[in-house]
Structures are given as structure tokens and as C-alpha cells.
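There are 4 protein chains.
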Amino acid sequence: MASGPVDVTAETLRAMQRPVLYHYDPAFIEIFAHTTDLLRQVFNTRYDVVIVQAEAILGLESAVASLVAPGDKVLNLVSGVFGKWMEDFIVRYGGDPVELAVPYNAAIDPDYVRRVLQAIPGIKYLTVVHSETPSGTVNPVREICRIAREFGVISIVDTVSGLGSELLSPEDWAMDVAVAGPQKCLGGTPGLSLISVSPQAWSAMEGRAEPLRGSILSLLDWKTTWIEQQRFPHTPSVTEIYALESVLEQTLREGLESLVGRHRSSARAARAAVKALGLELWPESEEIATACCTAVKVPDGVTDRDVIETLRSRYGIMIAGGYGELAGKLIRLGHMGQAAHPALVVAQVGMLERTLLDLGLDIEPGSGVGAAITAFAGWDDATRTYPL
Amino acid sequence: MASGPVDVTAETLRAMQRPVLYHYDPAFIEIFAHTTDLLRQVFNTRYDVVIVQAEAILGLESAVASLVAPGDKVLNLVSGVFGKWMEDFIVRYGGDPVELAVPYNAAIDPDYVRRVLQAIPGIKYLTVVHSETPSGTVNPVREICRIAREFGVISIVDTVSGLGSELLSPEDWAMDVAVAGPQKCLGGTPGLSLISVSPQAWSAMEGRAEPLRGSILSLLDWKTTWIEQQRFPHTPSVTEIYALESVLEQTLREGLESLVGRHRSSARAARAAVKALGLELWPESEEIATACCTAVKVPDGVTDRDVIETLRSRYGIMIAGGYGELAGKLIRLGHMGQAAHPALVVAQVGMLERTLLDLGLDIEPGSGVGAAITAFAGWDDATRTYPL
Amino acid sequence: MASGPVDVTAETLRAMQRPVLYHYDPAFIEIFAHTTDLLRQVFNTRYDVVIVQAEAILGLESAVASLVAPGDKVLNLVSGVFGKWMEDFIVRYGGDPVELAVPYNAAIDPDYVRRVLQAIPGIKYLTVVHSETPSGTVNPVREICRIAREFGVISIVDTVSGLGSELLSPEDWAMDVAVAGPQKCLGGTPGLSLISVSPQAWSAMEGRAEPLRGSILSLLDWKTTWIEQQRFPHTPSVTEIYALESVLEQTLREGLESLVGRHRSSARAARAAVKALGLELWPESEEIATACCTAVKVPDGVTDRDVIETLRSRYGIMIAGGYGELAGKLIRLGHMGQAAHPALVVAQVGMLERTLLDLGLDIEPGSGVGAAITAFAGWDDATRTYPL
Amino acid sequence: MASGPVDVTAETLRAMQRPVLYHYDPAFIEIFAHTTDLLRQVFNTRYDVVIVQAEAILGLESAVASLVAPGDKVLNLVSGVFGKWMEDFIVRYGGDPVELAVPYNAAIDPDYVRRVLQAIPGIKYLTVVHSETPSGTVNPVREICRIAREFGVISIVDTVSGLGSELLSPEDWAMDVAVAGPQKCLGGTPGLSLISVSPQAWSAMEGRAEPLRGSILSLLDWKTTWIEQQRFPHTPSVTEIYALESVLEQTLREGLESLVGRHRSSARAARAAVKALGLELWPESEEIATACCTAVKVPDGVTDRDVIETLRSRYGIMIAGGYGELAGKLIRLGHMGQAAHPALVVAQVGMLERTLLDLGLDIEPGSGVGAAITAFAGWDDATRTYPL
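Residue numbers (the numbering used here), protein chains in the order written: chain A, 1 to 388; chain B, 1 to 388; chain C, 1 to 388; chain D, 1 to 388.
FYI, nobody ran anything at the bench for these hints, they're computed from the structure.
Stretches of chain C that chain B covers, calculated by requiring three or more beta carbons in the stretch to come under 8 Å of a beta carbon on chain B:
{"no.": "1", "region": "12-22"}
{"no.": "2", "region": "184-195"}
{"no.": "3", "region": "205-216"}
{"no.": "4", "region": "237-245"}
{"no.": "5", "region": "310-324"}
Listed below are several chain D residues computed to face chain B (Cβ distance under 7 Å; list not exhaustive):
{"no.": "6", "residue": "10"}
{"no.": "7", "residue": "14"}
{"no.": "8", "residue": "17"}
{"no.": "9", "residue": "19"}
Ideal placement from N, C-alpha and C gives every residue a C-beta, glycine not left out.
Bound-form chain A, shown alone (with noise of 0.2 Å):
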């Protein structure tokens, strides 16, 4: 129930039981673009999509690495630690960056992102996080990314945990390179990137003065290798392609619109089961809460610490605290890929009142429960029907 990587479905697991192929097989080969293409529907998108080898961070990395060039200006829009995080990256590429932040239980206003891309010159890439998990926050990424394309800057958008948790579209939303996770709303497991690149994107990177190739950091690489001649830039991680294959499968058969409404409606219903049970959340408005996990502060009395070990021992249930500057603050309920249902929701609540009860905090057993059991009326798995 932590805030990924999740629990994976049996269906998933059972894919990654096919026996390794070697990569240039052309049983594999068709593999790997059948999985591009299911990528590309997932995403909802003509823009290519590369799958990088290694989990979302270093899609991130190549991100930055593959764009920024020593001295481009870049707009870090920070929210939270993983927005913050980004500023290393930039830093390293030799980037120049410039921060427009907000206190980390709030979101960025894109009216502010106008107003700096209008009184700074020169900004050619802006970065920005879609779903803070860590803050359990979003920001408006596609009002943002529009703005950034009237001024032409290139954006980067980390929506390793947003996929699956909203509706969205590179192209509608503007976002140039976007980057997710199949670990997180999708269910699947820690070990790709999934990106899609927009032409715009691609241009900048080959119009470099040196553009980043032969690395496991550029994207450039996987355009002239793979997008380009059915070639792989290095050896992939055989199993975990399978893995997303069957993940991108089963995302489609349920449709991306479900996903998203499961997605939703549990974190509605766990927003409510926090407030009933006179905690108090996280972010400073539910507006800006996300769909894949719930923050929520610690109680008085107790310790995120206290909270989560007991949580983990006595129950068997794992769930996540606050990280880095949130460490201590905050803990959070996981409601992503198949936890998004209410039988998990109920179940993590129910052992969330438990603990707080062993703790010595004066619940009342069965209020939390309550107000999701409530907040669920209209659920209806057999038609895909979430109450919101």
C-alpha cells in the first residue's frame, strides 16, 4: 500500500514467467514494438516514446542530459522535493537554473509561470512535476506547459506517478518530453522509463552544438537506433519489457478513463475516511490533492515512525512516511494500480484505525471506514462506474 512500487497483479507476474529471449531474437523484436506501440495509445499520443532501461529517475536524468547544453537557462518549478531534486540535474549539464518555488504542501500557479517566462529572458527549457507524490500534491502541468510553448520553451514534465492519475495527452497538455513510471497509478514494475518526445524536443536535442550520443544517458541514441532502424542502443531488460507489455495490456483493457476514475474515487474516498477520523491532510486543499496517494499529517502524540512500524508489523500493511524535507511530517495512504479499490482502501483504513487505537490516539473504531464506505455509494466494478 506504500507510494510504489506496488503490488503488481498476478496477470503481470505471469508475464514476466516467458522464458529470456536474446534481444535481437525476432520474437523479441516484435515484443519491443508491440510495446512501443501500446505505449503510445497509453499515453495518448503520436509523439514518439522511448522506453529507457532503469527506473524513472533516469529517464529524468537523461531528460536534462540529453537537452540541456552548458549555459541554457532553465525554469525549475518546485513544489516539493522531487521538483527540488531537479535543480542537481540541471546544475550538473551545466545548465542555469532559476526557481520559482511554493511552499511544499501547495501547487504552482501558472499565472506566476507567465509572469517569470514574461520578466526573464532568454528561459529555454522549464521543468516541472506533475503528481508531487511525495507532497501527495499536483500542479496544473497542462495550463503550465501551455504557457511555456507560447514562449517557446521547451518543457519537461515529471509525471512519473500522474500517468494513469489524470487524463492526459503530450500534445493537448504541451508537454515535450514527459516522463513516467510503470511502478506507480499503471501497477506495474520499477525498472523503465516510459517517455514521450515531441518533435520540438527531438530538434532541440540534435541542434546541440554537441549532441549527447553513446550514452545510457541520451535519448538521441534510441532515435537513431531503435525509432529509427529496429536496433537497440544496448542490451534491454528482457523481463521487464514483458512485464510492461502485459501492464500496457491490461491498461487498455480497462480503459484509460477507468484507470483514472478508480484512481480518483479512491482517493476521494480516503480523503474522506482521514477526515472522519479527525486527521488532518497534507496538502492545503483537496483541489490539489492527488489521486495516487493521500498525506496526511502526524497525529499528535505519535510519530510517522511509531505509526508505519506498527502499521507494518502488527498488519502486514506498508505504507509510506514523508521524504527528505517532509521526512517526519507526513504519512501517506498508497492507492495506486490495484490498490485503487475500495476492499484495499476499507482494509488500510481499518488497519490505519487499529494502529492509532494500539497507539493510544481516542478513534472511534469504524468511523474512518464509515465515512469511505459512504464516500464509495455508486462504485460498480462490473460497469467501471466511480463515484466522484
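With chain A's structure known, arrange chains B, C and D on it following the hints.
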């Protein structure tokens, strides 16, 4: 969450992935022998044990077919649907059944057994169901079988869902033939019968004028092949044996006391939830409620089908209803194997609440779950402490 | 490489990883129904088919128990160990066996069957083994059963290892009850019997003075529950059904003609190898050699144990020896299921050569494999072309 | 049968079925720590080891990126395609490469390395490929690295397919950074780099004016997180770690000497087969042939594509061809991991024979296999004896 077969653990599924071996491959012989040893530990017995192909009803038919000769008088104790079924087997193999029956929400009184055995001469066998899953009740098998032994009567016990829900021992309980199933409290797969056989029972089989041999129903065949020569009377289901070996290892790793404690504590919490919701238990008293499932009278205003189908179609939870004569009268919450855990009891009760609300019943959301959470006070996976 | 159970495909193993469902879950009902449909296609029949728990010997006992009433006269054709075993079943259920036997390296002549049926009045049933795996021979079942039908005699056919090694059809071949196994040429798991039943056979079962019902051995129970009402007479082995569904899908995807062609071509190459090595085939002629395994006389100077144990311990290859009366007289190369392929025939023959050299026999290394390679000229996996 | 990724064992596949854990779940931390311990045993080292996400080319790039600072002089030893590629990394990270090259069918002479180090002052690093898979050759890395250490030069060794094909030890061989892959001789999955790092190498990384930190390419990040604090610099590929743990356990259970013996004996038999067929080995002498694959010159009259595609399409065997500059010049028989076994070498050689016959070459069927069978005299799986 149904009353078996139940979902198996990931470890059991993995065990079934072992390559299918030729049954006379030395590696398979070793696995089969190891599995037999483990089974004796789980049965807590020094008696011989037999692992018969196909689910436990074959084991029960085998026991009757191997023991009962034409004209043999058999006392059949009936407190539910499964008990009544035994009569068919007794009659088929030429036995002469004497029935002692109680209503299907009650248990057999050992005193009555004694009185019948005193009153009716010449009874050779006694058949009894330990855990009557369809009624959610248990019979006092220990007392009953000890009385049978006093009278020199061989007992045949259906403990298909009893093994794992109560600490038992064929010797201490005086059970001559005890038939269990892996797919109930042990949380295994449905495809084998697990049978312990006392020396008295072997003698009775061998002492028949025409002992049953050369049949799938012959327990003696297993004695003269596997037990005496490590050969097989027919090809075992290789993969089911892999599953069983793993299930027994998991059971012993957890410990029999923990397994039983987990089931009894879960059952107690489920009963608390049912009562808090204003529903009525099917068994006439909590003392005779089985630990493997909780039978609940169908509430007024709805049918069992309404409840079962809504739970399944809207929330993906499968529970069982009544069976045979009990059809339409009750529903059964399952807490066998992995499901004997607070998180899953709470999930199940929560979804039942949601379902009852959907069907228009006037219940307080969270009240059942709250009672379960309260009942689970003291549970601790880490130290294997289960409140009772 | 033994004579069954054989190693299953990765796809079959994956199918067994599906979560174990409650057998009355609608999803499982659908899987079982689908599996039944697939089985009829693989059996190439419009007759009813029954999937019985436990391996094929239970299916054979069920057929005899369901049909044969005390006093019924049964013509039992014996050309090997399995044929001889049928007599036990006939006797157990009160039948009056008439035996027609040939040496265990020969096949039954249909003309003799006709003569016996003409000569002996009142024969009601005929039992025959299609592929006598222990002898590596086949009987002309099509001719035999057609003759039986002329005489109004109901046939019971053990085609456990015949299905998949020859193109057959219960209707065209006039087989009334045909019992097959998934673990032989279909390459599946050992745990089920696959049975097709003609209308004549159903009538015979129903027409008995006391039809067999309420027993694990009753085929009629499957008719009145599953076939007529989609209910189960007892809990099926859920995971074995998953495996079977997958195995049948794989079989139909490959095509029955390809499956048979692959087996027959592999058997032909194996025989070529055996002869090139100067060894002797067990069957009296190649015409009556089965396609599923190649029985070879144990060469002078070594024992079957020497060969089998050396192959297993030094090179990890498990093959089978003789069985029952044939023990010590022959060894059997297996080419069933996945093993019916040049790479595996060559590997097996190569390791047999190495073993014979280890045991001091004077053979030319590579000569057996060379003959097999020559015999495989024209094989093509891509176009499913198999030389004959 | 290709030159990696290779087919993995059933045990490894099963390990990958474990439920995907949150990476900070205590159970996963324990698995990761255990895997690290096992890796040190397999590497036969007390040096620190690092398990990096993504296949070994990332490990090699990480080693260069972490060590080489702008202006550093690096001696790059080139005896094949992989050696030549190292130059790209050296140049990308600002290094100043000095190349010592031999033809791609030869090995580096350690004496030449000594002379270059004597002649050219200021060399800080040396890069060398242990097993040049594309050429089927090995370099005398032990001698080379010991010479480097005499001169105070830090060595970076690509032993991706070397680990498991030769008994090595980073300390004894004086390898400062050794990069191996699980998907070659260990028979694991392609998705991780396995790296051992000497204290000298850590010092060199830390001593750089601007040590590389905060990047997927930083080995130092692993030192300051995992090695020092048991935290992760980014999310590991959970399932790949499960696979690696299992692969290392299997390796240690088999024993490193056995693993190496099995590979070397299989390679020797494969070479015997190739020569018996009248084909020519690619390496200039058998002494420098690698144990993981056997490179063979493409015979006159056919192309590498002819051979590879016929083997794949007609007989389902996938082998590799030449790579980069070697494309079209050679084919490679693979005997890594499970394929390092007589049954699989014989199967592969047999199907190669069949393929060459199909393509019209004049070879004696069985002659290659016969030579391999002869070479395998003395092999014994049970006692782990492998002829050399």
C-alpha cells in the same frame, strides 16, 4: 473469500512452477517422500498418512469403500449437508447406516453417541464431520471418537476444513481415518485428499473377506505400493504435490498453534462484526461456530443471491451461500488460509456493509468494521499473537 | 524425456499461475466451459466430453465402473501391460472377461476380433489400448472399434497416449468411450482424465439396473451435473483446469495435423538413430511402433538400469525402462509433447551414445545422431513441415 | 543458444514471481543486503560491490564517468568491438585515450602493456575487456592488471561475460573496477550491472576535483547511500534483484569451480565439433578462445544470415552472428549458463549440421556431434566432473 477453494499464497504459486518431473525421477520420489513426512507433522501423528489424487470427497469415498463391507453397520452422525452425504457412500458400498441427526444449526452431543452405541449392538464404523462448512458449525470430534474407540468402533472423520482450524491429533482424538483437504485452512490447492490411517483401520481393511485392491478408491493400494515400497499405484498429480509440499512447509514455518490462533481470532472478529450489524449468526451458539467461515442468516428484505452477486459484481468479492438444504437460508463469510487476517476480514466486512447499503438495508456504515477492529485488539503478526 | 509425465511448456506453467478461484465463481465456470469446448475440438468430436479429476487410470476405472454391470461379458484385447490391467477393472465391477491376447511386441489383428465376436455370443463391451506405451506399440483401433460397432458392442478405448500421436475421431473411429491424458502427446500435466462418451455409451450407463451415481467413479454424475446444469459433482482441481485450458489452446494453435506430424516424424528419426547404432527396436515391425516413444531392446552386456541411471546421473536425461512383465527387457526414448522435436531427439540420442560409450559398448560416436539428422531432412518449424 | 541474454533457469523464473515489494519494506532491504553478500562471494572478493540498475554497459559507463576527469590519460586496450567502444566513454567524460590494439582475433600481450606504461608517462587509468564476446576471445587480464598496479594505474575491467567463465578474484587479479553481468555465464537476467570496486578506485573517485554525485552514473552515490546507510540512491528494479539473488544462490550451490569447469568443458567440446565439421575457429588459437561462446568463421558458400535464419526458422535455435566490424564474418555458438551442458551443445551442433546440409554444404551428418560426444568423455553431473 469463499468457503474454499481459497486463494493461495504467492509462495505456493511459485512452487507450482517447478518443471513437471517424470514421477519415477529420483528427484520426484524425494519430493513425494518429503511431502509425506511434512504431512505427518501437520497432522501431528505417527500414523501412516496417504495423499490421494483428487479432492477430499474422493478421500471420503475411498475411506468408506476401503473399510465398509456389505452388511457392516455404520453409525452416521448428521449435523449438516456433508454429514448427510456420507449415507450415500455407506449405502453404495453395502453398509447398513444408522443415523443420529440434529438440526443443521446444532452440533452432535457426545452423550447421545454413547447412548446409541450402548443401545444398538454390532456397530462397526462411525462417520462424523468435524467442521460442517455449509452450516458454519463444528462437532466435538475428540469426545465422539474417544467414545467410539471405547466401543471398538472404527471412526471415519471428515476433517476437510477442520485441519488447521483446531489443534488436533489422530492419536489423541482417537480418529481412525481422518480426511483433510489442502484447500481450506491450509490455504492450498484443491486437488488432493490428505488422509491419516490408524493401525486399527489398516487391520479392518485387510481383514475384510475381499479387501479392496487395484482401484483408485483403494487405500490399501497406497499401503502396499508407496508406504511399503516407495512405488506409486498410479501417476500422482505432480504439480499438486509441489503445491502441497510448499503449503505444508509454510504451515510448519508458521506453526500449527499460530495457524489455528489466526483462524479462531479472525472468526471471533467476524462474528463480532455480524452482530454489530444487527445480523444473526446461523449456528445456534457461538461455541459451536467453526473457525473457517462464519455462517449468517440472510437478512430480511434481501435474498442470498442479491448479497452474493452484488458483492461479486460491484466489489469483486466472492463469498459462498447455503448449500443443498441450506440453499437460500444463509451466506458465509470466509476466513480460511490467507483470508484469516484482520486486513481481509475488515475488507470483507466493509464490502458487505457497502453491499447491504446498496440493497437498501438500514445499517450504520462502519459499525461492523468497527466491532471487528475492536475485537482484533492485541493482534500482532510479528509475535504471532492472536486475541481470543 | 521419459514416457510421461513430460515437461510442460512455459506457457502452460504460466497458466497455472492464475489465482485459484472458488469453483462456483462465474469466472471459473466460464473457464471450465471454455476448456470443455476446446477439448471437443481436440478430440475432433461432437460427442459429450467429460474432464475427470485424477490421472487417466481413474478415467479408465470410471468407464468400466460406469458401464459394466455384474455378469456383463467383456472382450478384453491384450497386447501389453496396460491391456492386461483392464482385466482387473472388469473383474472388480463384476464383468465376465474374455481375453484375446498377442505377444507384447505385436498388435491385435482386427480379423481376430471379428472372429471372436462371431464365435462368442453375448459380448456387451470391448476394451482396447490404442497406444501401448510400455511396449511402444499401437493397435489398429479404428478397424477394431468399427467391427465392434457392427456387432453392437460398446467399446472402451485407452487412448491416453494415442490422442495427439494419430489423427482420430470418436465418431469416425466408432470409439464409444475414449479416455485420453493431457500429460502425454499434448504435453500437459498429469492430473486429469479426458473422456469422450458416445450416445450409445450414455444409454448403456443409464440403462443399467442400478446406474452408478454419487461416486467419484460415476461418469453419469458429470452428465446430470455439469453437462446438464453447469454444476459440479465435486470440486475440480482448479489449477489443473487452468493448465488443461492452456494446453488445449496451444494444441489447437499448433493444429492437430502438425502435432501428429511432429510426433510421427520425431519417432521415425528416433528409430533411424536406434538402427544406425546397431540396437534393436522392441516392436516386431516399424508399422506398429507408436509415435510417442521408441522402445528399444536392452543391448547385450548392459542392463536397463545401467543405461537409465547413467543417463540420469551423468547427463541429467531421464528416460523410462520396461514396466511390469517388460521390466529389464527394454528402454524407451521419449518424444512426446515438446520433446517431439529434432533438437531434443538429437540431444537424447547424443546422450544415449555417450552413455553407451561410458558403459563400454562399441558404437561409433555420432552415428545415431547422424542418422537422425538425415531423417529430419525437410523439417521446418516455420511452415510446420515434418518429413515422414 | 545466443551469446546472451540466455535462457534462465526455472528456479530463477520462480524467484521473479515474488510479489513486488516497496523498496523500503524491511523485507526488501534484507533481500538486497543478502544479494550484496552473495555477490561478494561470487566475485570472490572483500572489496565493496555495487549492483547498478540497467545492463552492464551502464556499469561500464558509470565506471568511466565516476573515475575519469577531464584531461586524465587512459590506456585503452583494444582486441575487439567492445574494447573499441570504451574509447567513446573515455572521450565523453573528457579523458585522453591512448590506444593499444591488436587484430580482432588476437589477444593483448601483457608485455606490450608494460612497455607502453614505461614509455608513456602520466597514464592514470587502464581499460580492458576480459572476455571479448563478439570475437570469442579472452585477454590475460590477471597479468595485465597486475602490471597496471605496479605502475599505480587504476584498472577498469569489462568482465561482463568473464565472471563464471574463469576463476577470478579482484584482489588477486588486481582489478580495481570489475564490471560483470548476470545474463552471461551466470545464466541470469539482463537488467543489472555487477561491479566490484577496490579501495584505490574509491579514493580516485573521491579525490577528483568534482566527484561525480547525484547521477544515475555515480558509483559514489551507492557508497554514500547503500554501502554506508542501507538507503537507495534511487528505486532498484525489485524483480531483477529477486532474480539476481536466486542466480547467485544457484551459482554458489553449484560452486564457482564447477561453473567454470562446465563452461570450459563445453567450449572445448564445441571447438572439437567445429573442427570435425571442417569449419574454422575465428580466434587465432584455441588458447585465447573464451569459454562462453565459440566464434566460427562463416564457411564459404553461405552467409552468416543464411545460417542464423535457417537455424532459427526451421529448428527454433537462435545463435548470434558478428557485431560491428565483425558483422558477416563469423557466427557464434553459445554455451553460457544452462547451455554449458553436453545435451545442449549436442543439440546445437546437431541442428547446425542439419542447417549446413540444408544450405547445401558437404558435411558428414553426425561428425560434429560425434567429436563433441568424444570430447565429453568423463563428464558427470552427479560428481561435477568436467573433462578438460
